[in-house]
Amino acid sequence: MLTTIYALLFYGAAAVLVFGLGFRIWQYATTPAPLKIPTTPAPVTKGGVVLRLLREVVLFESLFKANKWIWVFGWLFHAALLVVLVRHLRYFIEPVWTVVALIQPIGVYAGFAMVAGLVGLWARRILVPRIRYISAPSDHLMLLLLIAIGASGLVMKYFVRTDIVALKAFFLGLLRFDWQPLPADPVLLVHLGLVALLMIIFPFSKLLHVPGLFFSPSRNQVDNPRERRHLADWAARLEQGEG
Amino acid sequence: MSERDKDMGGESTELSAEDFLDPLEIPELQPGVMEDSKPYEAAPEFQESLGFPGELVPDWKERAIAMIGELRDKYRGFRVYLDACVKCGACTDKCHYFLGTGDPKNMPVARQDLLRKVYRRHYTFAGKYMPWLVGAEDLTEEVLDDWYAYFHQCSQCRRCSVFCPYGIDTAEVSMAAREIMDEIGKGQKYCNEIIGKVHTIGNNLGLQKPALAATLEDLEEDLEDDTGLEIKLPLDQKGAEILLVTPSADFFAEPHIDGLLGYAKVFHAAGASWTISSYASEAANFGMFIGSYENMRKVSLRIRKAAEDLGVKRIIFGECGHAWRVAYSFLNTLAGPFDFLDQRYPIPQHICEYTYDLIQRGVLKFDKSKNDHIRLTFHDSCNIARASRMGDKPGGQFEIPRAILRAVCNHFYDMPEDTIRESTFCCGGGGGLLTDEIMELRKKGAQPRMRALQEVAKEHGVTHMAAICAICKTQFAKVMPEYGFAMDSIVSVHQMVSNAIILEGARDGADDDDEDEE
Ligand code: HEM
Ligand code: SF4
Ligand code: SF4
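These protein sequence lines map, in sequence, to chains C and F.
If you use numbering that gives the first Met the number 0, the first sequence corresponds to residues 0 to 242, in order.
If you use numbering that gives the first Met the number 0, the second sequence corresponds to residues 0 to 517, in order.
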C-alpha cells in the first residue's frame with residue numbers, strides 16, 4: 000500500500016517536473032525577443048555569451064557584485080545542493096559511478112552547508128526590513144521546505160538510520176518498472192514526500208529561475224545590433240502590413 | 000547668459016564644509032512617502048493622436064489584464080522576468096529613487112511586484128487559487144494608482160538589472176506597465192505630448208524649420224565672431240556625406256548648445272561635409288519610455304527617410320543617452336536595413352566615436368590649457384553605460400568619452416568606482432520623468448550622483464561634470480544648485496572639445512569656455 004502510494008507519487012512528480020519544465024522551456028524559447036537588450040557591457044560573440052552565462056551559473060557573478068551576504072549564503076546553499084544531488088545518484092544507478100563515489104566524503108558536510116546557507120538566507124529574509132518587505136508567504140515556505148528536506152535527510156544520516164539497501168532497491172525498481180517495497184520509516188516518508196512536493200511545484204514557482212537565467216535577454220544576447228539586423232517575426236509582419 | 004547667472008543669485012557655488020555623505024547609504028523604509036508623486040496625465044487629444052484611448056476606458060481592468068498576457072507573449076524578457084524573480088533582495092538597494100526617498104515601492108523588485116502580483120493573480124495556478132500564498136492581488140483602482148505613481152518613478156536606467164542574478168530589468172517592466180496604461184487611456188502628459196510633436200513636426204520642442212534655420216544661422220555668426228572662421232551648421236543640405244541627428248535641446252539650451260558648437264568645430268577641422276535635417280531634427284525617441292514599439296519605430300523611420308531624402312552616406316548621433324540606446328541597439332531593427340549607407344562606418348555612429356577616431360588619427364589638435372580653469376569629472380549616462388556600446392570593444396562607451404576628455408583637459412578625476420561605469424547612477428530625470436511637476440522626485444533621485452560628485456569635489460577640487468546626454472544636462476542644470484553646485488557646472492563633452500580645439504586660421508585668444516549664452 001505504502002509502496003504503491005509512493006511509487007505513484009514519484010512517477011507523478013517526475014512527470015510534472017519533466018513535462019512542466021519542458022513546457023516552460025518551450026514557452027521561453029518560442030516567445031520572441033524583438034529588441035536587443037543585453038545589459039552592457041555585454042559580450043560581442045556567442046562564445047562570450049556562453050562564458051557570461053557560465054559565470055552567472057557557477058559563480059553567481061552579478062549577485063557577487065550586488066551583495067556579499069546574499070552571495071555567501073546563496074552560493075553555499077546551491078553548491079552544497081549540487082553536491083547533495085550528485086551524492087544521491089548512488090540510489091539510482093548501479094554500479095555507482097566513480098565521481099559519485101568520490102564525492103561521498105564531502106557529501107556529509109554538504110548536507111550541513113546546505114542547511115546553513117538556507118538558514119542564513121531565511122535569517123536575512125526575516126531580519127532585513129527590505130527583504131522582509133518583498134517576501135510573500137511562499138518565499139518563506141520555499142526556504143522552510145528546503146530546510147525540512149535537508150534536516151530530515153540529516154536526521155536519517157545521524158539519528159534514525161534507514162535501510163539504505165532497501166531504499167535503493169525501491170528506486171531501482173521504480174526505474175525498471177519492477178516495484179520493490181519501500182522501508183516504512185516515518186522520517187524517510189517525510190523526506191521523500193517533501194522531495195516529491197518540491198518536484199511538483201518546481202515548474203509553477205520561482206524555481207523557474209533555473210531555466211529563466213538561460214533565457215534572460217539581458218544576459219543571453221550578443222551585443223551586435225549594428226552588425227546584424229535583429230527582427231522578430233511579429234515585427235516583420237508589422238513592417239509587411241505597411242509595405 | 001546673465002539672466003541665468005542672476006537666477007543663481009546668492010546661492011553658494013562652493014561646497015558646504017560638512018563631511019561628505021555616502022552615495023550608497025541605504026535609507027530607512029518609509030512606506031508611502033512617494034505615493035502622491037505623479038506626473039500629469041495626458042489630455043485626450045494627445046492620447047488619441049498616438050492611437051490610445053482619450054481617457055480611462057470603462058473596461059480598463061479587463062483590458063489591462065488582457066494586455067499583460069499579450070505583452071508576455073510578445074516579449075520574452077517580460078515573460079522571463081515575471082517568472083524568474085526569487086525575491087533574493089539583491090536589487091533592493093540599487094535604485095537611486097529608493098536611495099533618495101526610502102519609499103519601499105521604489106525598490107526595483109517591489110516596483111516589479113506591483114505588476115507581478117496582478118500577473119500572478121490571473122496567469123498563475125497559485126495566484127488563481129491561493130492568492131494569499133504568493134502575494135497575488137486583484138487589479139483595483141488603488142493598484143492602478145500605484146502603477147501610475149511608481150512606474151513613473153522609474154527612469155528605466157537598468158542599474159537594478161546589472162546586479163540581479165538573472166538580469167531582471169525593471170526598465171522592461173516599467174515600459175510594459177506604461178504601455179498598458181496608455182492602452183487603457185491613462186497616459187502621461189509629458190511623454191505623449193512630446194511624441195506627438197515629433198510625429199508632426201520632427202522634434203521634441205516643436206521647432207519649425209524656419210526657426211531652426213534662424214537658430215543655426217545665429218550660431219554660425221557666434222562661431223565666426225569667436226574664431227574668425229566660417230564654420231557652418233548646414234541644414235537640409237542634399238548630398239552631404241554625414242547626417243547629424245542630435246537632441247533638439249542642442250539647438251537652444253545650455254550647456255547643450257556649446258556641445259553642438261563643438262560638433263561643428265570637429266566637422267570643420269575634419270573637413271567633413273555634413274548636415275542637420277529639419278525633418279528628423281530630433282535624436283530623442285520617447286517611444287521607448289512608453290514601451291511602444293510602434294511609436295518608437297515611427298520616430299526612427301523619420302531618420303531613415305531624412306537620410307534617404309538627403310542622400311547621405313553616414314548617420315552620426317549627437318550627445319543624448321536614451322537616443323543612443325535606440326540608435327545603437329534598435330535603429331537597425333526598427334528602420335533598417337541601411338544598405339544605402341556607406342558600410343565602412345558603423346551605422347549609426349556616435350559623435351564621440353567620430354571625434355575619438357579623429358583624435359587617434361592625429362587630425363584634431365588641442366590646447367588643453369584652454370580648459371585649465373576646469374577640474375572635471377564624467378557622468379556615465381545610464382542608457383549609454385548599460386544599454387549600448389561605443390567602438391568595437393565592450394566598455395568602449397566608458398573609455399571613449401573619457402579618452403576624449405583626457406585629450407582636451409589637464410584635470411580629470413573619476414568619481415568613486417561604485418558610482419560610475421556600469422554602476423553609474425541616473426541623473427534622476429531620465430526615462431520620461433524630466434517634467435517639473437515631479438521635481439521633488441527628481442531632486443531626491445539625483446542624490447546618489449550628487450553625493451558622489453561632492454566627494455570628488457572635496458577630494459580633488461572638481462568643479463565641473465561632463466555628460467553626453469541631453470536629459471542629464473537639463474536635469475543637472477536644474478538640481479545641482481540644490482546640492483551646492485552652480486547650474487553651469489554641468490558641461491557637454493563636446494563643449495570641452497570646443498574650448499580646446501585648435502582650428503587652423505582661427506583668431507587666437509578667442510575665449511569660448513563654459514560661459515552661458517542664450
Ligand atoms: C542552474 C542552476 C541554478 C542557479 C544558477 C541558481 C541561482 C540562484 C541564485 C543566483 C539565487 C539568488 C541567491 C539566493 O537567494 O540564493 C537563487 C535562489 C534560490 N534558488 Fe537557485 N539556482 C539554481 C538551481 C536551483 C535549484 C535546483 C533549486 C531548488 C531545488 C534552487 C532553489 C533556490 C531557492 C529556493 C532560492 C531562493 C532562496 C531565498 O529564498 O533566498 N535553485 N538561485
Ligand atoms: S535581484 Fe532579481 S531576483 Fe533578486 S529580488 Fe531583485 S529582481 Fe528579484
Ligand atoms: S531601472 Fe533604474 S529607476 Fe527603474 S527600478 Fe531599476 S534602478 Fe530604479
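Just so you know, these hints were derived from the structure itself, not from any lab.
Since this is a predicted model, take the numbers as computed values, not measurements.
By construction, the Cβ of each residue, glycine as well, lies at the ideal position given by its N, Cα and C atoms.
Worth double-checking, as some hints may not be accurate.
What the hints assert, rightly or not - Label pairs and their in silico Cβ distance ranges:
no., chain 1, residue 1, chain 2, residue 2, range
1, F, Tyr128, C, Ala115, 43 to 49 Å
2, C, Leu58, F, Glu61, 43 to 49 Å
3, F, Gly50, C, Ala28, 28 to 34 Å
4, F, Asp58, C, Pro136, 27 to 33 Å
5, F, Tyr128, C, Leu7, 19 to 25 Å
How the hints compare with the structure:
The hinted window of 43 to 49 Å between tyrosine 128 of chain F and alanine 115 of chain C is violated, with their beta carbons roughly 34 Å apart. Restraint check, leucine 58 of chain C to glutamate 61 of chain F: a C-beta distance of roughly 45 Å satisfies the suggested window 43 to 49 Å. One distance hint, 28 to 34 Å for the beta-carbon pair glycine 50 of chain F and alanine 28 of chain C, holds here, with the actual separation near 32 Å. Separation of aspartate 58 of chain F from proline 136 of chain C is about 32 Å and conforms to the stated range, judged on CB atoms against 27 to 33 Å.
For tyrosine 128 of chain F and leucine 7 of chain C, the hinted distance range of 19 to 25 Å is satisfied, since their beta carbons lie about 23 Å from each other.
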